[in-house]
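Engineer: In order, the protein sequences belong to chains A and B. The first sequence: position 308 = 308 (the UniProt record's numbering), numbered continuously. The second sequence: position 169 = 169 (the UniProt record's numbering), numbered continuously.
Any given hint could be a false lead.
[Said to hold, decoys possible] Partial pick of chain B residues on the chain A-facing surface, computed with a CB cut under 10 angstroms: (1) ALA76; (2) SER202; (3) GLU274; (4) TYR342.
[As the list claims (entries may be wrong)] From chain A, some residues computed to sit far from chain B (all C-beta separations above 10 angstroms): (5) ARG53; (6) LYS87; (7) THR123; (8) ALA125; (9) ASP184; (10) ARG241; (11) HIS262; (12) GLU264; (13) ASP330; (14) ASP341; (15) LYS389.
[To be verified] Listed next, the in silico DSSO-like pairs over lysine-lysine satisfying Cα-Cα at most 27 angstroms (straight line): (16) B:LYS308 with B:LYS389; (17) B:LYS135 with B:LYS87; (18) B:LYS356 with A:LYS257; (19) A:LYS389 with A:LYS369; (20) B:LYS257 with A:LYS356; (21) B:LYS87 with B:LYS137.
Because the hints were derived from the structure by calculation, they are not lab data. Virtual Cβ for every residue (Gly too), placed ideally from N, Cα, C.
Number of protein chains: 2
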Amino acid sequence: MTANQIDPPARLLMGPGPITADPRVLRAMSAQLVGQYDPAMTGYMAETQELFRGVFQTRNAATLLVDGTARAGIEAVFVSLLEPGDKVLVPVFGRFGSLLREIAERCGAEVHVIEREWGTVFTPAEIEKALSTVKPKLLAIVHGDTSTTVAQPLDELGALAAKHGALLYTDVTASLGGNTFLADAWGVDAATAGLQKCLAGSSGSSPITLSDRAVAIIEARKSVEAGIRTEGDPVLAAPIRSNYFDLAQILDYWGPKRLNHHTEATTMLYGARECARILLEEGVENAVERHRVHGAAMTAGLVATGLKLFGDQSVRMNNVIGVHIPDGVDPDGVRATLMADYGIEIGTSFGPLHGKVWRVGVMGYNARKDAVLTTLAALEQVLRRAGAKVAAGAGTDAALESYGL
Amino acid sequence: MTANQIDPPARLLMGPGPITADPRVLRAMSAQLVGQYDPAMTGYMAETQELFRGVFQTRNAATLLVDGTARAGIEAVFVSLLEPGDKVLVPVFGRFGSLLREIAERCGAEVHVIEREWGTVFTPAEIEKALSTVKPKLLAIVHGDTSTTVAQPLDELGALAAKHGALLYTDVTASLGGNTFLADAWGVDAATAGLQKCLAGSSGSSPITLSDRAVAIIEARKSVEAGIRTEGDPVLAAPIRSNYFDLAQILDYWGPKRLNHHTEATTMLYGARECARILLEEGVENAVERHRVHGAAMTAGLVATGLKLFGDQSVRMNNVIGVHIPDGVDPDGVRATLMADYGIEIGTSFGPLHGKVWRVGVMGYNARKDAVLTTLAALEQVLRRAGAKVAAGAGTDAALESYGL
Chain A
1 MTANQIDPPA RLLMGPGPIT ADPRVLRAMS AQLVGQYDPA MTGYMAETQE
51 LFRGVFQTRN AATLLVDGTA RAGIEAVFVS LLEPGDKVLV PVFGRFGSLL
101 REIAERCGAE VHVIEREWGT VFTPAEIEKA LSTVKPKLLA IVHGDTSTTV
151 AQPLDELGAL AAKHGALLYT DVTASLGGNT FLADAWGVDA ATAGLQKCLA
201 GSSGSSPITL SDRAVAIIEA RKSVEAGIRT EGDPVLAAPI RSNYFDLAQI
251 LDYWGPKRLN HHTEATTMLY GARECARILL EEGVENAVER HRVHGAAMTA
301 GLVATGLKLF GDQSVRMNNV IGVHIPDGVD PDGVRATLMA DYGIEIGTSF
351 GPLHGKVWRV GVMGYNARKD AVLTTLAALE QVLRRAGAKV AAGAGTDAAL
401 ESYGL
Chain B
1 MTANQIDPPA RLLMGPGPIT ADPRVLRAMS AQLVGQYDPA MTGYMAETQE
51 LFRGVFQTRN AATLLVDGTA RAGIEAVFVS LLEPGDKVLV PVFGRFGSLL
101 REIAERCGAE VHVIEREWGT VFTPAEIEKA LSTVKPKLLA IVHGDTSTTV
151 AQPLDELGAL AAKHGALLYT DVTASLGGNT FLADAWGVDA ATAGLQKCLA
201 GSSGSSPITL SDRAVAIIEA RKSVEAGIRT EGDPVLAAPI RSNYFDLAQI
251 LDYWGPKRLN HHTEATTMLY GARECARILL EEGVENAVER HRVHGAAMTA
301 GLVATGLKLF GDQSVRMNNV IGVHIPDGVD PDGVRATLMA DYGIEIGTSF
351 GPLHGKVWRV GVMGYNARKD AVLTTLAALE QVLRRAGAKV AAGAGTDAAL
401 ESYGL
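Working from the sequences, and respecting the hints, build out all of it.
Structural biologist: Okay, structure coming up:
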């Protein structure tokens, strides 16, 4: 077997993620390794924690990276917080809500689900009603569900969960950095993310943050086998069913004790650190506003191109826009031509939206005017040749108008 | 919070790993991303599988990457193969054997352990005796245990396991690429690795390979929830307790069905692919021989420097050498000075060897003459100043002699 040197084709990734990485992140990831206990390495770890406190808008000491993709972060939180039989309430409004349900079930939890049609979100009253009926240990909900483009408002949920004795977990993989998220102000006990959306990085590292309340539950589950509880100490709770995702151990690795757990994924840490540096240099609020401005321009352009928007626009994420695929147009053919002739990727959809909705991402490094206008110009050409009615120049004109240009 | 651009200090990492990455791997990891279903990406995935078949010396279709560090690969195999209550036999001869035990216990398995003193390995007869008593579903053993520097001979274990109705799993993280490993010829059913040792890469991706027999067990555990078993199909076995490590799903993601699971850690895949390319360009046997030659030179040099070797040298891994710390020398002080004054890292030890044994790695990109000689020259200076008796130039002279120079 021989294979050529890596040489990916030029692409402009305007789908729901992963998106084109910021070249600064890729350069950071090409830095040489240092040892796991080199002061430079532990320094980078501490800086990464502090940077992500800024990204998550939290003062949580327990802010760190799980070494895996975004769903590794979800599973680490669930398997560390949930004992078999624990009740979890999962309000599902898209595919990633179903993933939360599945991961909680794999952990042996008793999972209760309420559902909303894709493209809509829950009212706080709907969630409170379920909280009072189910009385769960954990309320687990996606913030922005890329499968439907909409984001569940979270600002009231922390207080509601606390009122009913539950912890609040949220998956902010798709939203973080491009939409307002205030972990502490909103009373979030656990949040997990990935790098490959608005953070402009590469999948493979999951930034997470945990409140002191969540940490206390996890610490009570320290196991003797792992050497982090002493023989004879009372067993306060069932041991965590995973070694790799045992946040009690991982907290002792990232914390002042620096107890060895895994060999840190150093290159991914370099990348995650750079993602957070870029975001904080810009300022989190400025980054959110940038996503809003470019998402709005893309939206205006898609509408002017003749496409109908999918989902409740009042709660749409800044960074992903769903459009109904016009009648008579081959859904995959248009995407394939856009890729083959223009090097631009937009997204298909899952489940009930498959073949009916395209998803266009405007996020991270690609939340830029040139990326928006180029995508609209190319899409107009491809749609015209596919037989759709398109007014020449309408999409880019509308986007430029949205920018005030 | 502000943090500076990443700028790691220059280090020569001559410990038990991670070691200095091959710059080719870091360059590959700086390549731009493509979409998850871009033909370029699925092509890279297929190439990576074929390259690692070469590295593992196997024809197993199920050869792929788990997105996490080396222990992510271990846990993926265990949680996918083992149902609660399944019997596992773990022969432990070092720290990473204890890790196998712990991970199997977390999976709910009934774990039986036999132990050997650190620095020694088992005879096939000892393992067969335990196999016949325990009658496990899985025999799980580390190949090279970096904590002790020795490698368990595996060539007879596949046949023994099969004779007693067990599968054979082995952790080759520390050995692969630097020591002979023949997955098919030795009858190995499952093996997992990492990139940060002899493969000259960065921690964060775990190459694994599974025999058809292992795959059949995993496929029988497909769950309805995950959408990979149809409602009404008979449940053949307990569902897998993890989503992230569900190899039934991950196999369908890497296989011809290309069912979406996680968002692949693209940058880590680029790195893993380059690690395997480099190894196969050199030739696996040549790479093993290179590790043998440079490991032997380092060993000769350390002995001539006056240090006593630790562990059974007849089964020592080519790539890690343990030496007793001379009396009257501050173990951490020597390592700290070697780092501070020469930028060279060597390893401390765990458990019973802590403070008694240093571990010196000669692996991957650093299995090179200049790295060996530089380390010996620097160590001589630091030991002399620390008050140890050292014959001037003896270490490098012996290494050069070992090279035939």
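Engineer: Confirm or reject each hint.
Structural biologist: Hints versus structure:
1. Look at ALA76 of chain B: its Cβ gets to within about 9 angstroms of chain A, closer than 10 angstroms, so that hint holds up.
2. Checking SER202 of chain B against chain A: minimum C-beta separation of about 4 angstroms stays under 10 angstroms; hint holds.
3. Contact between GLU274 of chain B and chain A, as hinted, is supported at the beta carbon level, the nearest pair being about 7 angstroms apart and thus within 10 angstroms.
4. Interface hint at TYR342 of chain B: violated, since its Cβ lies 14 angstroms from the closest Cβ of chain A, which is beyond the 10 angstroms cut-off.
5. A beta-carbon of chain B comes within 10 angstroms of the beta-carbon of ARG53 of chain A; the shortest separation is about 7 angstroms.
6. No Cβ of chain B comes within 10 angstroms of the Cβ of LYS87 of chain A; the nearest lies about 18 angstroms off, and the non-interface call holds.
7. Consistency note on THR123 of chain A: stated as away from chain B, and its beta-carbon is indeed over 10 angstroms from all of that chain's, at 28 angstroms minimum.
8. At roughly 29 angstroms, the least C-beta separation between ALA125 of chain A and chain B is larger than 10 angstroms, which holds for a residue marked as non-interface.
9. Even its closest Cβ contact with chain B, about 15 angstroms, leaves ASP184 of chain A beyond 10 angstroms, as expected for a residue assigned away from the interface.
10. A Cβ of chain B approaches the Cβ of ARG241 of chain A within 10 angstroms, the least distance being about 5 angstroms, so the stated non-interface status is violated.
11. Distance to chain B contradicts HIS262 of chain A as a non-interface residue, since its nearest Cβ pair spans about 4 angstroms, not more than 10 angstroms.
12. Some Cβ of chain B comes within 10 angstroms of the Cβ of GLU264 of chain A; the nearest lies about 6 angstroms off, and the non-interface call is violated.
13. Non-interface call for ASP330 of chain A relative to chain B: holds, since the shortest CB-CB distance, roughly 17 angstroms, exceeds 10 angstroms.
14. At roughly 15 angstroms from the closest C-beta of chain B, the C-beta of ASP341 of chain A stays outside 10 angstroms, upholding its exclusion from the interface.
15. Taking the minimum C-beta to C-beta distance to chain B, about 28 angstroms, the non-interface status of LYS389 of chain A holds against the 10 angstroms cut.
16. Using a Cα cut-off of 27 angstroms, the hinted pair LYS308 of chain B and LYS389 of chain B holds, with the two alpha carbons roughly 13 angstroms apart.
17. Distance restraint check for LYS135 of chain B and LYS87 of chain B: the Cα-Cα separation of roughly 7 angstroms lies within the 27 angstroms cut-off, and the hinted pair is therefore satisfied.
18. A distance of roughly 22 angstroms separates the Cα atoms of LYS356 of chain B and LYS257 of chain A; the hinted pair therefore holds under the 27 angstroms criterion.
19. Note on LYS389 of chain A and LYS369 of chain A: the hinted pairing holds, with a Cα-Cα distance of about 25 angstroms set against a maximum of 27 angstroms.
20. Only pairs whose Cα atoms come within 27 angstroms are accepted, and LYS257 of chain B paired with LYS356 of chain A is accepted, the gap being roughly 22 angstroms.
21. Between LYS87 of chain B and LYS137 of chain B the alpha-carbon distance is near 6 angstroms, which keeps this suggested pair within the 27 angstroms criterion.
Checked against the numbered hints above, the structure breaks hints 4, 5, 10, 11, 12 and satisfies the rest.
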